[in-house]
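Q: Each chain, written out:
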Amino acid sequence: MSLLEVKDLEVHFPIRGGFFNRVKDNVLAVDGVNFSIEQGETLGLVGESGSGKSTTAKAIIGLEKPTAGSVFLEGKKLTKKSRRNKAEMVRAIQMIFQDSLSSLNPRKRIEDIIAEPLRNFEKLNKDQEKIRVLQLLDIVGLGPDALYKYPRRFSGGQRQRIGVARAVATNPKLIIADEPVSALDLSVQAQVLNFMKKIQREFDISYLFISHDLGVVRHMANKIAILHRGRIVESGTRDDIFNHPQHIYTRRLLAAIPQIDVENRDKHKAERLKIEHEYQTEQSKYYDQNGMAFPLVQVSDTHFVALPPELAHQDSNNEGAVKN
Amino acid sequence: MNNQPGDKLLEIQDVSTAFNIDGKYYDAVSDVSLDLYKNETLAIVGESGCGKSTLATSIMGLHDPNETKVSGKINFEGTDLLSLTDDEMNKYRGQKIGMIFQDPLSALNPLKRVEDQIQEVMVYHTKMDEKQRHARVMELLNQVGIEKPERIAHEFPHELSGGMRQRIIIAIAIACKPDLLIADEPTTALDVTIQAQILDVLKDIQNENHEAIILITHDLGVVAETADRVAVMYAGQIVELGSALKVFHNPKHPYTRSLLRSMPQRNSENDDLYVINGTVPSLQKMPTHGDRFAPRIPWVPASAHEENPVMHELEPGHFVRCTCYKVFDFPAEKEGAKA
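If you read the protein sequences in the order shown, they are chains A and B.
Residue numbers for the first sequence follow the numbering used here, so the first one is 9 and each next one is one higher.
Residue numbers for the second sequence follow the numbering used here, so the first one is 7 and each next one is one higher.
This is chain A alone, in the form it adopts within the complex (with noise of 0.2 Å):
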């Protein structure tokens, strides 16, 4: 049984006119997500902005209603209404956001912020509060010293990592971490990314790693979806999404990445140029009618595409063709 399992999620946004001067009667923000986490495993969340990436990480978390579909985290269904079940939730699903400022209450010491989830879900004493307290902000590398500051006496890096700290409090399953490096330099972005790491060893903690860095992403995650216009186009294991890119959404989105080789940019960027003249000339054929991607289809154990109901097909008796 996975830990998590989001099942045919779909969070739609009514809205009355049109942004891009189309009229439409909903934004399908999230339109059939299905993806599951192992425990003590990370899921990269990969797309642009809109992709509804962060939508999908609200509709889990509960701060979202999801229009359809549902939720399980151990087999138990969390989209349900109940209220003790909820609280249960919170506790075992916890969430690292991207600006680290607005994130943290600004007028609280960090010793409140990182007590409140303790003091939500558990019942210590003072001293007991204080120990646990010091215990995680040891774990993300911060001293004592720290416990009756306020958040802006802190640098983005670690604010970001007294937001990872209160994350931890509770000892939750899964960690939603939503951009938690974006907004960070890359030293500090290193030393950020690191401490998730150590923490996922040492507590079996699963990620939710939501980012458009596909550097970041590669690092940090051994399972990656890559998310366009609210439907995951292509998935499978960080070896399948690098080096074995089918979608061309996915193919397109790799070449973009800017790369340190500088002897060979040039070919890079003809490269990349190739890739999106395809995209833009074979993209409908990618793409039903509505310009939504086509269902998943399994083109290994662990890979599987949006193909198109044509080459799905040629794919799955190449497939076989294999096996044979």
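Partial selection, computed: residues in chain A whose CB lies under 8 Å from chain B:
1) Arg260
2) Pro266
3) Ile268
4) Asp269
Just so you know, these hints were derived from the structure itself, not from any lab.
Here a beta-carbon is modelled for each residue, glycine too, at the ideal position from N, C-alpha and C.
Fit chain B to the supplied structure of chain A, relying on the hints for placement.
A: For chain B alone, coordinates are given in the frame of chain A:
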């Protein structure tokens, strides 16, 4: 992609920019010297607070003289920009020097249609009539890769996507065919695919107009893809300067090497990333002498640093500050030593 560098366009000599904090002035940029040639892209790269944007705004003269002291010389085609009055400087801004900002939404006027915003620069700097200006707007929108210029010209900024807005900003910046384009994190707020398109647009424009571009960014990937030369800044100083090829393939300064090492790499998945010791000193706590990067590589003996680090030319065009690069090695590469 490697353009032939033309004549020298900009000469920055010992420029320091100091901000007034509680009555005292602190250097955000200290003693930066740089040359810029026509038709080249120079990337200034560094982490937040290293002074890269401050250097750009110093060139543009965007600092409040009551709160900021800018010293040194910025020679632009023979004129020292720092000696100009505000009115004189206004003739340069927008006409000879264009600037592209990071956040395209806040750089555009939300109440004006795209066309009017682009025309504004021309009204100020040129004697074109309405018709000529309109023709130029269409030309510019085409140049920045907007497919339906007539329609887009009539829209308001909020009706456009982030990539489109950045294209409009570029159109405004190049409206008067400036000789120098300063792009401050032009693609940081954009998705990677849009980022690639915007960088292509900048390159195409350069191929057409041959202006020099100063590209300010923290993204080493963007630098490696676009820059001819790279200046790496740390704590207000340039610590390494050279061709993109040299800086990325044969980085010398400990800071450059550390930065490159802290990036997630292919096949680094199971390793911890390299973390640079300590933090960037704040303006008030900036060391006044000695190597500013020294506290972050404490295992390098003090004798390896210079008393007053200067730039050393290792090869023609490749400069490195301080002598510590000679002995610097990562702790992991030494036996048993730990950061």
